[in-house]
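Please model the entire structure based on the sequences and the hints provided.
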Amino acid sequence: MDFQTFLWTTFGVFVTLSIFSFLYKDNPFYKFAEHLVVGVSAGYFVIILWHNSLKPNLFLRLADGDWYFLWLNSSAPWYIIPAILGALMWTRFSKDYAWVSRWPMAMYIGIATGMAIPLEMSNRVNKQLYAMMADINWENFFGHGGFDLFDTLSGFSQVLIFVGTLTGLIYFFFSKAHTGLFGGMARVGICTLMIGFGASFGFTVMARISLFINRIQDVDVWRQAAFDSSNPGHHAGFYVVFWVLALFVVGYTVYEVASHLMRKQAAG
Amino acid sequence: MSVSEKLMRLDRRWVFLLLIVVCVFTFYADFQIPILTEPESEAIYEFIDSLPPGDIVFIAIDYDPNAWAELHPMTFAIAEHCWRKNLRIIFTALSQNGPGMADQAIRDLSDSLKLDRVYNGVEFKGREIVRGVDYTFLGYKPYYALVILGMGQDFRLPFPTDYYGTPLDSLPMMKGVFNYDQVACVVSVSGGTIADAWVSYGQGRFGFPLFFGLTGVMTAQYYPFLGSGQVSGLMGGLLGAAQYEELADNPGRAKEGMRVQLLAHIVIIVFILLGNVGLFVSYRRKLKEGR
Amino acid sequence: MKRQLPFVLVFIFGVFMVFQYFAPHEKSERIYEFFLDWIYIIGTFALALGIWSLFRVSVDKIKNHKEAWRYSYVTLAGLYLMIAFGFTQRVGEPWGWYFVWLLLSLVCLGSVMQARAATSTGQKKKYAAAALVALALAVVVALLDDAWAFYFYTAEGLENSMFRVFFDYILIPILATMFSLLAFFIASAAYRSFRARNVLASLLLVAALLVMMRFNPWIPGAEQVARASNWLMNVPNLAAQRAIVVGVGLGMVATALKVVLGIERGYMGKG
Amino acid sequence: MKNKCLMAVVLLLVGFSGVAAEEEALAGDTLVTDPMLLFPAPVTNLEGRDSDNDHGHSVDLSWELSPDDGAGQRSVMKYDIFRWIPTLMDSADVIRSAIGVALTAREVDEVPGADWNDTLRFLRDVLDTLIVQFPAAHAAYPNDGEWRRVGMVPSGEGCFEHSGPKDRLSSDFLPDYCDFRFRVDAVTSDESIRTSSDVAGPIQCYGQWFNSGRKPVLVGVLVFGFLTILMVSRARKGADLYVRPISGIEAVDDAIGRATEMGRPILYVLGLGTAADVATIASFTILGRVAKRVAEYQTDLIVPTYDPIVMSVAQEVVKSSYLDAGRPEGYNEDTVHFVTQSQFAYVAAVNGIMLRQRPATNIYMGMFHAESLLLAETGVEAGSIQIAGTDQIAQLPFFIVACDYTLIGEELYAASAYLGREPVLLGSLKAQDYAKAAVVMLALLGLAASNFALPWFVNLFHVID
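From first to last, the protein sequence lines stand for chains A, B, C and D.
Those letters in the first sequence? Residues 257 to 524, by the working numbering.
Those letters in the second sequence? Residues 194 to 484, by the working numbering.
Those letters in the third sequence? Residues 127 to 397, by the working numbering.
Those letters in the fourth sequence? Residues 813 to 1277, by the working numbering.
Derived by calculation from the structure, the hints in this document are not laboratory data.
Mixed in with the good hints there might be a few duds.
Unchecked claim - No more than 35 Å apart at the CA atoms, straight line, and that leaves these computed lysine-lysine pairs for DSBU-like:
1) D:Lys1131 <-> C:Lys250
2) A:Lys520 <-> B:Lys199
3) A:Lys520 <-> C:Lys187
4) C:Lys192 <-> D:Lys1131
5) C:Lys251 <-> D:Lys1131
6) A:Lys281 <-> B:Lys199
7) B:Lys307 <-> B:Lys334
8) C:Lys252 <-> C:Lys187
9) D:Lys1049 <-> C:Lys128
10) A:Lys432 <-> A:Lys383
11) C:Lys250 <-> C:Lys192
12) A:Lys432 <-> D:Lys1027
13) B:Lys318 <-> B:Lys307
14) A:Lys351 <-> C:Lys252
15) A:Lys520 <-> B:Lys479
16) A:Lys281 <-> C:Lys187
17) C:Lys187 <-> D:Lys1131
18) A:Lys281 <-> A:Lys520
19) C:Lys250 <-> A:Lys351
20) A:Lys281 <-> C:Lys189
21) B:Lys278 <-> B:Lys318
22) C:Lys189 <-> C:Lys251
Said to hold, decoys possible - Computed spacing ranges between beta-carbons, pair by pair:
23) A:Ser350 <-> C:Tyr279: 26 to 36 Å
24) C:Tyr279 <-> A:Val477: 34 to 44 Å
25) A:Trp499 <-> C:Thr247: 50 to 60 Å
26) B:Asp242 <-> A:Glu512: 46 to 56 Å
27) D:Ser983 <-> C:Trp195: 53 to 63 Å
28) C:Lys192 <-> D:Met1074: 18 to 28 Å
Claimed, not checked - A partial selection of chain D residues facing chain B, derived with a Cβ cut-off under 10 Å:
29) Gly882
30) Lys890
31) Met964
32) Val965
33) Pro966
34) Ser967
35) Gly968
36) Thr1000
37) Asp1002
38) Glu1189
39) Glu1193
Where a beta carbon is used, it is the ideal one built from N, C-alpha and C, also for glycine.
The following block contains the structure:
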């Protein structure tokens, strides 16, 4: 790691800590990192969409045409239509002609919703319905090899899944009040949903903690690089940079805690 | 504010602070936690542990670098266990981006094998791991289903030479080793559909004992094979890797990760319980006042 | 024309796409792919509107000295630099006057913003003049300097080392850290909300606690807890998911049908 | 100029083919011969037919396994599938590579000043004329062509789908309406010891206009569409429709009132969906209702967006809502603004808005991913009332835990009908309920059918993609 890379890595650590400082409260460092990432990411997507979307999907398809024929002599001249529609979106820059942009928006929404109707019907309704019509495992109804409540493949569990799904669906009925037997079934349904949500929440905790561990590791890599004198690019400046950032973080923390205590004293 | 209300309305920043302190502390601290082992991973450990020295274990490193975090610890734990037991290993990497990673893992492992260690109370002297004697790394070939089938006839069909270009016949450990018949078991550490091919084309045709190491997400899908006996043992995700490390008494990356996970989970559980204790106490007080 | 045509267009395209799904023929597939490209192309053209909106809001903040207005300069500088890096690349080893050019064009951008944000005409003129001077200098530098060049049609800019550095050491750390804040928020949300206030809340609490303890070796009956949490994930959770998926599917199809048939027009502000 | 370009293309092509030949020679060297092997028995009953329900560039082959596969000598390792290919198709391949070379050359402009576009158009014309001759060339079997391997399957498998892309520029392009002829070799572990089957053919492939595997979906869409239209027209005629109360939706009105009282703005987040996602479209209609109330109460509204098209549509929605409320002058262009298209950068910015502008109410409706909890927890810190609705199952637990009210899945799609209270829209809710009832009944019937061995009933619902 050379000195320049180390400086950039240090900056990466600095913005990492700036974002973490949000956990305490909003502060100038978080504001800086937040505004920086909004600008940089917006710029990044401009570049990526230009090179990865506009170029292959539009420019390259019209590329064998000539501008003085309006690209009509290219091998896919019909790609001029979406280009024109895209350009129509720009009528939004003007107040008087902004209504023209409703046409491309309408086509966009028409294509999207039309695509969604059969696709969602198939994936979310037909296929789920088919999956519900399963063979119940009657031989091992209470678990494989003796009574076992927590056997996920037993017939008992399959029946529970089926009942849970049906009562869950009943909970979503809009035009019938949740009273009587119907209300009871809806109640079973919402209970199933809540157990499912609780389990899913508890299961996700592990993945989220891993994210934090990864951040600790990244900062640790930086710390090791600062003190790793066996690194051929190592430089006395590494220590200076490390201690400047470390002292700065400690100093700012002390300042925040002190001002918090002073405010508290003034209030009390 | 009464104690019960304080318990219920703790500033959330105390939760954050405690979580940061615990995570950072356990990340750097050096202590061990017990890992609860499950029969699925015990089956793999016990099978390999019972093999006599000199037997051959086949380890397929069938994952890409994106499943590295979960699956690499498994490869390390199993291979080190085998070599400490003086077993011999045949490696393959049937995933396109796997071979370089597998090669790196083998070199890292042979470094750690040079040290003296005590596992489960047994002392193991450090030794040099020799290519062609202790292990053979066959490398990568496309069309994994055909490779798996071909190796059932003879390893030399898909792999005339090993990964480093040496003909298999000139490697001492491959003398008299032709196909799965000379191998004690196959362990596929897999991050994708190659696992399916090992079941249907490998175990289904040639009937060797098959063990899996899988990513956490995949695990549930492969439990049915365990029930049907096609797969004899299975490790799922970081937790499975940690279980193997626990069984082999060889704490590594997986246990390190699980250590932070366990303490972080406990912190969260303790806070949930505190909140509920507060709720319970204030509820009882209200009942009393009501009377 | 202004009001009705959009709904007619939605109907025509919507109905066509519904029937396209059932026709696997090559011609039908080609039209499908063509329409998919439309969506990408229209979306990319619209990005110009988005960037313009970001610029306007930032300038507005500066003009009215809204809270944290000074940081808007950071946003716009980051935006401009990233775009500039993405379209330029050095030709040989040295960077030449590249950074001078970057600075000049940043000054130009800043002056344009100040001109827009300025309240008095005199100030406006002063900043506009500064912007023009900076622009002229930047153009001169760009024309005379051969060490680097613009690349719009080819993707050299993606290899620009400054583009990479901004991506690796600014974008990735900040985004990853934002994501990792979830570790803390999941803890605080659990602490605040998992209270056994009523039956539903208790079920949520118990299920979450069981699953969170699935690998905890220090609790009694640890093995059964692990099995129970596995069962919770694969039985009640699966049932809940399936019920929601079917409901959502019907809701989606109903909404899409209403849109295509023109029953629901609220999405175009008429409802 | 055109000739110069062509010359360059041809020169480059010669270079390429040399490399390819070298690679093939290398592959041939690695064969290992086993003297013990005998020739296996051939496969029988080789049949081919056009694949069902496809774009027309695919053939399904099936055969009976060689007696030496898994039985007999057990020597069959795999089957090689051969197709008779006329030499004309090689000429087409040459043109395709030339087009590829010309495309790359145009990108890097290796020959300055050359007009690659002319060359490309010329080459594409040549390719088109060649493709027109494909059927005739296939009909000339067995003249001017040769057998080539087009695929392989491991032993034990008796079928193969030979398919290619529909793109004529692809070298794997499989022409439709041509008389194909196929042959299958049973191959032992020694590549040179193999037995060929009889030739099957002629077989043509062509595209279909209706995917019969998707019949259940078509029935579903038609029935549900009919039901919706029926219910809506009944509602138009004035039928009284009951809908049960949903607390999350009723809270929206109170929340707007609360914001007005406190003099603080309302934050409306449309999520990470694009305008092509139905959840976002549902969210637009809810935004319209909210914006109308907001305009009437003269409260501030903040709508940060993630996608520029979503921004444009949302601007139209909010503008018309202000117009409908009779306060067009209250509409500000920057009410709906763009932030960035990066998930967590967007979250960082919205979190900043929450902590600095302290909205009284946050409404999250639409598609949400991992950012759901980041937003909702910051909203709690800012002291806002929060109402969420999403169809993303994985995010629902987090919204339920952190928000005051959550619309679960389908409730999001019902919300706009509830808020509008228009009988027409309530009619479609009724249709959804009937559909749900049908799903419940069919699931019960299907479960019974499946367990009493009536597979034909279950198969009625099987969608084959």
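Hints, verified against the model:
Restraint check: the Cα-Cα separation between lysine 1131 of chain D and lysine 250 of chain C comes to about 31 Å, which is no more than 35 Å; the hinted pair holds. Of the supplied pair hints, the one linking lysine 520 of chain A and lysine 199 of chain B holds, its CA atoms being roughly 18 Å apart against a limit of 35 Å. A distance of roughly 33 Å separates the Cα atoms of lysine 520 of chain A and lysine 187 of chain C; the hinted pair therefore holds under the 35 Å criterion. Proposed proximity of lysine 192 of chain C and lysine 1131 of chain D is supported: the alpha carbons are some 24 Å apart, at most 35 Å.
Pair hint lysine 251 of chain C plus lysine 1131 of chain D holds up; C-alpha atoms about 34 Å apart against a cutoff of 35 Å. Of the supplied pair hints, the one linking lysine 281 of chain A and lysine 199 of chain B holds, its CA atoms being roughly 21 Å apart against a limit of 35 Å. About 31 Å separates the Cα atoms of lysine 307 of chain B and lysine 334 of chain B, which keeps this hinted pair within 35 Å; it holds. Of the pairs offered as hints, the one joining lysine 252 of chain C and lysine 187 of chain C holds, with about 21 Å between alpha carbons and a cut-off of 35 Å not exceeded.
Our distance criterion of 35 Å between C-alpha atoms is met by lysine 1049 of chain D and lysine 128 of chain C, whose separation comes to about 29 Å. A C-alpha spacing of about 27 Å is found between lysine 432 of chain A and lysine 383 of chain A, which places the hinted pair at or below 35 Å, so the restraint holds. Our distance criterion of 35 Å between C-alpha atoms is met by lysine 250 of chain C and lysine 192 of chain C, whose separation comes to about 20 Å. Between lysine 432 of chain A and lysine 1027 of chain D the CA atoms are separated by roughly 31 Å; this keeps the pair inside 35 Å, and the hint holds.
Restraint check: the Cα-Cα separation between lysine 318 of chain B and lysine 307 of chain B comes to about 8 Å, which is no more than 35 Å; the hinted pair holds. Among the hinted pairs, lysine 351 of chain A with lysine 252 of chain C is consistent with the structure: their alpha-carbon atoms are about 28 Å apart, no more than 35 Å. Proposed proximity of lysine 520 of chain A and lysine 479 of chain B is supported: the alpha carbons are some 31 Å apart, at most 35 Å. Taken as a hint, the lysine 281 of chain A and lysine 187 of chain C pair is honoured in the structure, with Cα atoms around 22 Å apart against an allowance of 35 Å.
At most 35 Å may separate the alpha-carbon atoms for a hinted pair to count; lysine 187 of chain C and lysine 1131 of chain D meet this at roughly 22 Å. Restraint check for lysine 281 of chain A and lysine 520 of chain A: satisfied, since their Cα atoms lie roughly 16 Å apart, inside the 35 Å limit. The hinted pair formed by lysine 250 of chain C and lysine 351 of chain A meets the criterion: a straight-line CA distance of about 24 Å does not exceed 35 Å. Between lysine 281 of chain A and lysine 189 of chain C the alpha-carbon distance is near 26 Å, which keeps this suggested pair within the 35 Å criterion.
A distance of roughly 11 Å separates the Cα atoms of lysine 278 of chain B and lysine 318 of chain B; the hinted pair therefore holds under the 35 Å criterion. Among the hinted pairs, lysine 189 of chain C with lysine 251 of chain C is consistent with the structure: their alpha-carbon atoms are about 16 Å apart, no more than 35 Å. Distance hint for serine 350 of chain A and tyrosine 279 of chain C: a CB-CB separation of about 29 Å, consistent with the stated range 26 to 36 Å. In this structure the supplied range 34 to 44 Å holds for tyrosine 279 of chain C paired with valine 477 of chain A, their Cβ-Cβ distance being about 38 Å.
A hinted range of 50 to 60 Å for the beta carbons of tryptophan 499 of chain A and threonine 247 of chain C is consistent with their spacing of about 51 Å. For the pair aspartate 242 of chain B and glutamate 512 of chain A, the beta carbons lie near 55 Å from each other, so the given range of 46 to 56 Å is met. At roughly 58 Å, the beta-carbon separation of serine 983 of chain D and tryptophan 195 of chain C lies within the given 53 to 63 Å, and the hint holds. The beta-carbon spacing between lysine 192 of chain C and methionine 1074 of chain D, approximately 19 Å, falls within the hinted interval of 18 to 28 Å.
A distance limit of 10 Å between C-beta atoms decides the matter here; for glycine 882 of chain D the minimum to chain B is near 8 Å, and the interface restraint holds. The restraint placing lysine 890 of chain D at the interface with chain B holds, with a minimum CB-CB distance near 6 Å, inside the 10 Å limit. At a threshold of 10 Å, the smallest CB-CB gap from methionine 964 of chain D to chain B is about 7 Å, leaving the interface hint in force. A distance limit of 10 Å between C-beta atoms decides the matter here; for valine 965 of chain D the minimum to chain B is near 9 Å, and the interface restraint holds.
A cut of 10 Å between beta carbons decides the hint on proline 966 of chain D: the least distance to chain B is about 5 Å, and the hint holds. Annotation: interface hint on serine 967 of chain D holds; nearest CB of chain B at approximately 7 Å, less than 10 Å. The beta carbon of glycine 968 of chain D is positioned within 10 Å of a beta carbon in chain B (closest approach about 8 Å), and the interface hint is therefore held. For threonine 1000 of chain D, the interface hint holds, since its Cβ comes within 10 Å of a Cβ in chain B; the closest pair sits about 9 Å apart.
Because the beta carbon of aspartate 1002 of chain D sits about 9 Å from the nearest beta carbon in chain B, less than 10 Å, this interface hint is met. Using the Cβ-Cβ criterion of 10 Å, the hint placing glutamate 1189 of chain D at the interface with chain B is satisfied: the shortest such distance is roughly 8 Å. Given the 10 Å rule on beta carbons, the hint for glutamate 1193 of chain D holds: about 8 Å separates it from the nearest Cβ of chain B.
In summary, this structure violates none of the numbered hints.
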